[in-house]
Amino acid sequence: MELHILLIFMIFAAILAIEVKDLLSSVIAMAAVGFALCLAFLILKAPDLAITQLVVELLCLIILIKATIKKDLPLVIEGRWLFNTVSTLVFIIVFLFFSYIAMKELPVFGNPTMGLVRRYLLEEGVNKTGAVNIVSAVILDFRAYDTLGEVAVLFTSIIGIMAILRRKGRKEILEEDTNGK
Amino acid sequence: MSTYLLCLVLFCIGLYGLLRKRNLVKIIVGLAIMGYSVNLFFVLLGYRLHGRAPIDAPDQVIENMVDPLPQAVVLTSIVIGLGVMALLISLAIRIYEKHGTLDITKIRKLKG
Numbered sequence: 040m041e042l043h044i045l046l047i048f049m050i051f052a053a054i055l056a057i058e059v060k061d062l063l064s065s066v067i068a069m070a071a072v073g074f075a076l077c078l079a080f081l082i083l084k085a086p087d088l089a090i091t092q093l094v095v096e097l098l099c100l101i102i103l104i105k106a107t108i109k110k111d112l113p114l115v116i117e118g119r120w121l122f123n124t125v126s127t128l129v130f131i132i133v134f135l136f137f138s139y140i141a142m143k144e145l146p147v148f149g150n151p152t153m154g155l156v157r158r159y160l161l162e163e164g165v166n167k168t169g170a171v172n173i174v175s176a177v178i179l180d181f182r183a184y185d186t187l188g189e190v191a192v193l194f195t196s197i198i199g200i201m202a203i204l205r206r207k208g209r210k211e212i213l214e215e216d217t218n219g220k
Numbered sequence: 336m337s338t339y340l341l342c343l344v345l346f347c348i349g350l351y352g353l354l355r356k357r358n359l360v361k362i363i364v365g366l367a368i369m370g371y372s373v374n375l376f377f378v379l380l381g382y383r384l385h386g387r388a389p390i391d392a393p394d395q396v397i398e399n400m401v402d403p404l405p406q407a408v409v410l411t412s413i414v415i416g417l418g419v420m421a422l423l424i425s426l427a428i429r430i431y432e433k434h435g436t437l438d439i440t441k442i443r444k445l446k447g
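Residue numbers (our numbering), protein chains in the order written: chain A, 40 to 220; chain B, 336 to 447.
Wrong hints could be hidden among the right ones.
Unchecked claim - No farther apart than 35 Å at their CA atoms in a straight line, the calculated lysine-lysine pairs in the DSBU-like style are these:
(1) Lys441(B) <-> Lys60(A)
(2) Lys433(B) <-> Lys210(A)
(3) Lys105(A) <-> Lys210(A)
(4) Lys441(B) <-> Lys210(A)
Calculated from the structure, these hints are not laboratory results.
Using the sequences provided together with the hints, build the complete structure.
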């Protein structure tokens, strides 16, 4: 029941985030969706995810506010309004069609199938890794290469951000140095 | 089943924002909402009614724990989502500095 209330709150906040005109309000409504998601993770018994989501959401909010502050512009809808709306609706209908096919195969909510992997992780996780928290046993032991790749992706994105946001190219800095001397 | 449907509605709102809006920040917000709904869907798939967190304790029963594998996968996905989001926002800041606008149709008109 709490989950339904949270999800409906998330849907309203998402509609607000998409439709409101002021960009700063839009970003803050998006952050509201993220914090509600954090609470939903707590209800769904995933405390590790809730902590991570909280930290990530705060960082996202800070950098989004940095991008949007003092930059709101009116949304002008010109010429191709009909074409844009129709093509968007076509995409959403195609997505809904495929998700309808997928929905028929899903397990009932709250009663997942006891697969081999899950049983193995829960039974042997503590003995094999010594970690009491099975989620951290999975990310740091069973899927350690996955975590290594995640760190690589994170550092690649940091390198990309540094390259994009650099004010001056390396050549200009070198030229200034030589001129200064 | 109704939770799955609400999650689907959230994804559709994000998809609408991504495809229909012309402001770059709105597009990024739509993408973020889609990411949230997919993460939530993964965790919903592994949830067991009246289950407990997958942390071992003396009185813990294996049949009563929620599925740890989707949680571990989503943990990776959340952190990578942060990297993608930061890269997108830095691109948007750069485009605003270069073109003076965040409207994607105007950016297309101002070549070079």
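Hint check results:
no.: 1; hint: Lys441(B) <-> Lys60(A); verdict: 18 Å, holds
no.: 2; hint: Lys433(B) <-> Lys210(A); verdict: 20 Å, holds
no.: 3; hint: Lys105(A) <-> Lys210(A); verdict: 28 Å, holds
no.: 4; hint: Lys441(B) <-> Lys210(A); verdict: 31 Å, holds
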